[in-house]
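Listed below, chain by chain, are the residues.
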Amino acid sequence: MSNYLIETNGLIKSFGNFKAVNGIDLKVPKGEIYGFLGPNGAGKSTTIRMLLGLIKPTQGMVQLFGRPLKSNRLDILKKVGSMVESPSYYGHLSAYENLNITRKILELPKSEVDRVLQVVRLTEVKDKLVKKFSLGMKQRLGIAQALLGNPELLLLDEPTNGLDPSGIHEIRDLIKRLPFETGMTVLVSSHILSEVELIADQVGVIQKGEMIFQGTLQDLRVKGSSTLIIDANPMERALVHIEQMGYTVQVRDGRLYIPEQTVDPAEMNKKLVMNNISVRHLSEHRDTLEEIFLSITREDLKR
Amino acid sequence: MKLVQLIGTELSKQKRSFLWLFLFIIPLGTTGAMLLDMVIRYDDYLFPNAQENGISSWEMLINENHGVLSWGLFLPVFVAVISAFIHQNESKVDNWKNLLSLPVTRGSVLLSKYLIILVFGWLLVLFNALGLILVGKLTGFPESVSFELFGRYVLFQFISLLAIAAIQNLLNVIMKNPIFPVVVAFVGMIVSGILMYQHQQIGKFFPFLYPYIAGDLGKFGFNPDIAISGGLIYGAIVFMVGLFVFNKKDIV
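Protein sequence lines, in the order shown, are assigned to chains Z and A.
Counting from 1, position 23 in the first sequence corresponds to residue 23 in our numbering; the numbering is continuous, with no gaps.
Counting from 1, position 219 in the second sequence corresponds to residue 1219 in our numbering; the numbering is continuous, with no gaps.
Source of the hints: derived by calculation from the structure; they are not laboratory data.
For glycine and all other residues, C-beta sits at the position ideal for the given N, C-alpha and C.
A few of these clues could be false.
Stated by the list, open to error - Listed below are the simulated DSSO-like cross-link pairs for lysine-lysine, each with C-alpha atoms no more than 27 Å apart in a straight line: (1) K132(Z) to K1015(A); (2) K104(Z) to K79(Z); (3) K78(Z) to K1204(A); (4) K1137(A) to K79(Z); (5) K1137(A) to K131(Z); (6) K126(Z) to K1092(A); (7) K78(Z) to K1137(A); (8) K110(Z) to K132(Z); (9) K1002(A) to K1092(A).
As the list claims (entries may be wrong) - So, partial list: chain Z residues that the calculated Cβ filter (under 10 Å) puts toward chain A: (10) I55; (11) K70; (12) L74; (13) H92; (14) K104; (15) P265.
Said to hold, decoys possible - Rough simulated footprint, nothing fancy, chain Z against chain A, three-plus residues with beta-carbon under 8 Å: (16) 1005 to 1011; (17) 1100 to 1110.
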């Protein structure tokens, strides 16, 4: 059996001539947090809806827990909690009543409602009508709903949307804890890399319906470039010398930039100094994950 | 199939809903209108007229309610409103995605909605009939209440609603705005009024006319059996169509 809890093969969803999702092979390992990244409208929510059977794929296959979703939907969904896009709620009911509706369908004990209310820290407002909730509270209610019954797989679509910084922090901590405390596998979608970077083990980057990267955060970092920045005296001699060493050099603002090449900064420093060139500044600039994410999504847009 | 749980949750969703108010206000209105009718016209016109036609005061009252007040014509619109109340819970903040992400079949979800529309529709019919009995009692009808007559009146309407509830359930699944199915029912009511007077043969196949036919005690010469068979046949076929459409539908 595969080690992936979620596995899709060539998943396609077309709406008329528009392909919202185009041949996605999603692979989410068991017990990990998977960050599903992509700009707004990239196809994240459509993919998640296909994972839940809300949308039927035009082509391709969805397997959850090693079984095809199409023929095992009910058994699979018993083990899945989800919050797709904005949280769903009945505004005229209280938080408790909302959760109780889901609890009844899942045939869980009443204590489960109190447990999830506590997890998302809504116990004190459990009797308040949800229409009077702030967006952040509604978001937390949506997460509580997804946590009912301690599912083995949690699908959260943009769970921190509309939350204030402390709320984001709280939800992030909660998501981070889940695989350790309950063995839960979590797929979190977001359009903000910095959010996913702090919690995910694996990431998938989707752009215009296509998966343009999938792997660990370390794999993603490798995709970034580094630039060596040198301030030397005399500049002209340093430039000639570095070019003679076979590197491409750019001169900007009185500094030398050696981009996209594997240069050992210590070795470079040594060579310059030994040639009587004084090195006043030498630093290496590595792309942040955010920059890598932006650059790969931009590259894909150009194609 | 989690039908029982789903029906239970449908009822829970109606907590603090205006649907309960609707359920009492409409029969209250019909009861009030019929009471007024009896106070003004019973002694001088309606009672002597009923005797002349060989019908009881209770039969006359049902005719007044069903034909003169047009309860039978309005009933599909009332059921459409009930259906809109039930479906708007899911469509208002896109709750369909949450409900259908749970381990439930779409068939059981659709059936639970259908049954709950029917239950509320039946309650409306029942409260209307109970209101009529109250009116008769307050007016002081000389005949005792004919439970057989009221039983038939209520039961036939119940069965005729099988078709209306299935149609409204289907329309609410297809249409995102819950108001449109109510508009369809309203148009259906107007068409029913035309068919009733001018094209009775076509009217036999028009489901929005069935609640009227179900309570037609001979005034327009319809056979209430049409409402029974039509309600059952349309109810089954339209529900199956709804199921097919709902199963195919993408929840986007």
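Hints and how they fare:
| no. | hint | result |
| --- | --- | --- |
| 1 | K132(Z) to K1015(A) | 16 Å, holds |
| 2 | K104(Z) to K79(Z) | 16 Å, holds |
| 3 | K78(Z) to K1204(A) | 46 Å, violated |
| 4 | K1137(A) to K79(Z) | 58 Å, violated |
| 5 | K1137(A) to K131(Z) | 45 Å, violated |
| 6 | K126(Z) to K1092(A) | 22 Å, holds |
| 7 | K78(Z) to K1137(A) | 55 Å, violated |
| 8 | K110(Z) to K132(Z) | 24 Å, holds |
| 9 | K1002(A) to K1092(A) | 23 Å, holds |
| 10 | I55 | 4 Å, holds |
| 11 | K70 | 12 Å, violated |
| 12 | L74 | 5 Å, holds |
| 13 | H92 | 5 Å, holds |
| 14 | K104 | 5 Å, holds |
| 15 | P265 | 52 Å, violated |
| 16 | 1005 to 1011 | holds (count 4) |
| 17 | 1100 to 1110 | holds (count 6) |
In the structure shown, a violation is registered for the earlier hints numbered 3, 4, 5, 7, 11, 15, in ascending order.
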